[in-house]
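Asks: Taken in sequence, the protein lines are chains C and V.
Quick note on our numbering: the first sequence kicks off at 1 and runs consecutively.
Quick note on our numbering: the second sequence kicks off at 1 and runs consecutively.
No lab work stands behind these hints: they were computed from the structure.
Computed from a prediction, not measured in an experiment: that's the story for all the values here.
There are no misleading hints in this set.
Chain V residues, not near chain C, derived (Cβ > 12 Å throughout):
hint: 1; residue: Arg13
hint: 2; residue: Leu16
hint: 3; residue: His18
hint: 4; residue: Glu73
hint: 5; residue: Asp74
hint: 6; residue: Lys75
hint: 7; residue: Pro80
hint: 8; residue: Phe82
hint: 9; residue: Tyr83
hint: 10; residue: Lys84
hint: 11; residue: Leu85
hint: 12; residue: Glu88
With a straight-line Cα cutoff of 35 Å, these simulated DSBU-like cross-link-like pairs (lysine-lysine) come out:
hint: 13; chain 1: V; residue 1: Lys19; chain 2: V; residue 2: Lys75
hint: 14; chain 1: C; residue 1: Lys20; chain 2: C; residue 2: Lys222
hint: 15; chain 1: C; residue 1: Lys20; chain 2: V; residue 2: Lys19
hint: 16; chain 1: V; residue 1: Lys55; chain 2: C; residue 2: Lys15
hint: 17; chain 1: C; residue 1: Lys220; chain 2: C; residue 2: Lys26
hint: 18; chain 1: V; residue 1: Lys55; chain 2: C; residue 2: Lys220
hint: 19; chain 1: C; residue 1: Lys234; chain 2: C; residue 2: Lys26
hint: 20; chain 1: C; residue 1: Lys26; chain 2: V; residue 2: Lys19
hint: 21; chain 1: C; residue 1: Lys286; chain 2: C; residue 2: Lys39
hint: 22; chain 1: C; residue 1: Lys20; chain 2: V; residue 2: Lys55
hint: 23; chain 1: V; residue 1: Lys75; chain 2: C; residue 2: Lys23
Glycine included, every Cβ here is placed at the ideal spot set by N, Cα and C.
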Amino acid sequence: MRKLSDNMDTEALQKSFDEKIEKDIKIEPKDWMPVEYRKTLIRQISQHAHSEIVGMLPEGNWITRAPTLRRKCILIAKVQDEAGHGLYLYCAAETLNITREEMTEQLLSGKAKYSSIFNYPTLSWADMGAIGWLVDGAAIINQIPLCRTSYAPYARGMVRICKEESFHQRQGFDILLTLSRGSAEQKAMAQDAINRWWWPSLMMFGPPDNESPHTIQNMKWKIKRFTNDELRQKFVDMCAQQVEVLGLQIPDPDLKWNEERGHYDFGPINWDEFWNVVKGNGPCNKERMAARIKAHEDGEWVRAAALEYARKEAAGLTGKQSEKATIKK
Amino acid sequence: MEQPLWEVFIRSRQGLDHKHVGSLHAADARMAIESARDVYTRRMEGVSIWVVESKNIHASSPDEAASFYEPAEDKIYRHPTFYKLPDEVEYM
Ligand SMILES: [Fe+2]
Ligand SMILES: [Fe+2]
Numbered sequence: 001m002r003k004l005s006d007n008m009d010t011e012a013l014q015k016s017f018d019e020k021i022e023k024d025i026k027i028e029p030k031d032w033m034p035v036e037y038r039k040t041l042i043r044q045i046s047q048h049a050h051s052e053i054v055g056m057l058p059e060g061n062w063i064t065r066a067p068t069l070r071r072k073c074i075l076i077a078k079v080q081d082e083a084g085h086g087l088y089l090y091c092a093a094e095t096l097n098i099t100r101e102e103m104t105e106q107l108l109s110g111k112a113k114y115s116s117i118f119n120y121p122t123l124s125w126a127d128m129g130a131i132g133w134l135v136d137g138a139a140i141i142n143q144i145p146l147c148r149t150s151y152a153p154y155a156r157g158m159v160r161i162c163k164e165e166s167f168h169q170r171q172g173f174d175i176l177l178t179l180s181r182g183s184a185e186q187k188a189m190a191q192d193a194i195n196r197w198w199w200p201s202l203m204m205f206g207p208p209d210n211e212s213p214h215t216i217q218n219m220k221w222k223i224k225r226f227t228n229d230e231l232r233q234k235f236v237d238m239c240a241q242q243v244e245v246l247g248l249q250i251p252d253p254d255l256k257w258n259e260e261r262g263h264y265d266f267g268p269i270n271w272d273e274f275w276n277v278v279k280g281n282g283p284c285n286k287e288r289m290a291a292r293i294k295a296h297e298d299g300e301w302v303r304a305a306a307l308e309y310a311r312k313e314a315a316g317l318t319g320k321q322s323e324k325a326t327i328k329k
Numbered sequence: 001m002e003q004p005l006w007e008v009f010i011r012s013r014q015g016l017d018h019k020h021v022g023s024l025h026a027a028d029a030r031m032a033i034e035s036a037r038d039v040y041t042r043r044m045e046g047v048s049i050w051v052v053e054s055k056n057i058h059a060s061s062p063d064e065a066a067s068f069y070e071p072a073e074d075k076i077y078r079h080p081t082f083y084k085l086p087d088e089v090e091y092m
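Bound-form chain V, shown alone:
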């Protein structure tokens, strides 16, 4: 039997988000974390590791990307650049 696949997320520095770095096989979570240390942080790339069994990750479908993200497309008023300010306003 094959050992399950785990996705590895690493916080590279205190204060930053955990970021996906790759995956690995391990029998359980503890082994996954130890292997993640050996595989992904040999040069001090991390201060914190998360592992999630890959089967527990649910993803949006690339096939539906066009319609799925469509609602955001025409809402340019959500960006500050949409608003023209008079020159007199210095900082806003």
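Chain C extracted, bound-state conformation:
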């Protein structure tokens, strides 16, 4: 059969792509798409996947030191979810014709970025609470609109992820609430964690709209549905109310309800710090990358052994196969 795309010029293909976007018809992997759309998605989805994977490290740090068995089980489950999120996203990216190997290589060589938030250290148990409440909370606000993103495999992955995220935020809130209602020392520990994680969490939404050159195009392509500043505002509004339930404070003297806007105002974000961390100079950038590289290298023999076993099994050279063969006889 002739392929229609052979006959259609790029202009016509572009037009039919634009129409799909316009009508909210999702783009599937084999559909024609502009080169830049594909590139943008590969960058965004793989970056997102890397963030889920690197994001396991700060919390993994506390698994062996969780205060109770219950908290430990919960934290393990949460970190395991993040690994799953990474895998869903890598798979979505692979449908765009980039291999897992290439993506891994981009992460380990430092060519690909991941969310800067994970370059901050987890100094106390309360940080598990602050991460769940703030970092996962910010992630949820970012991710919910992505369930409707125009590229179908990404959207499907995000639906799955969002279903799992809300437990993450709640378990974090639960940790902070317990600490806040505990001894004075515990309460101070919870407050300290919020103080350290608040501003980096606000930076998770990315630079302000007027300094975010890709936003307009990404909104046109319906990859993004809201701007960075819109999502950030939503997050601030949500936290400003919830922190009162916690009986704790958000470390921002400018935070206050603005009747006219119907939103909370908040103080200026230190973007120099953000760009500095993005450039690799955050407190834990080197540690995180070293941990990823070590995990990858330590796992090398396992991957090789699994492949070799599969090869031998296919060739009927393993004990298992011959065992089966004898049973058949």
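On the provided structure of chain C, position chain V with the ligands as indicated by the hints.
Replies: Positioned in the frame of chain C, the structure of chain V with the ligands alone reads:
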């Protein structure tokens, strides 16, 4: 060498069809099924898993969709709503 890619299909409840849920890399089928359990059924989303190596999946081409599905387009008489029944007929 990279481990091959597998497509994962899950039956969420007894009596339902297996449904495509995503993909993963694994060295062989057994590893693919075990990984699929860990990646796609952590919250009891499944009672049965199929895995198929992605290279064995053949797909229709989206470019040809218009002509490929065209034969079905003008056959409205295949739908029950095509037939007008007299009011006296209550259930059919
Ligand atoms: Fe996640
Ligand atoms: Fe999460």
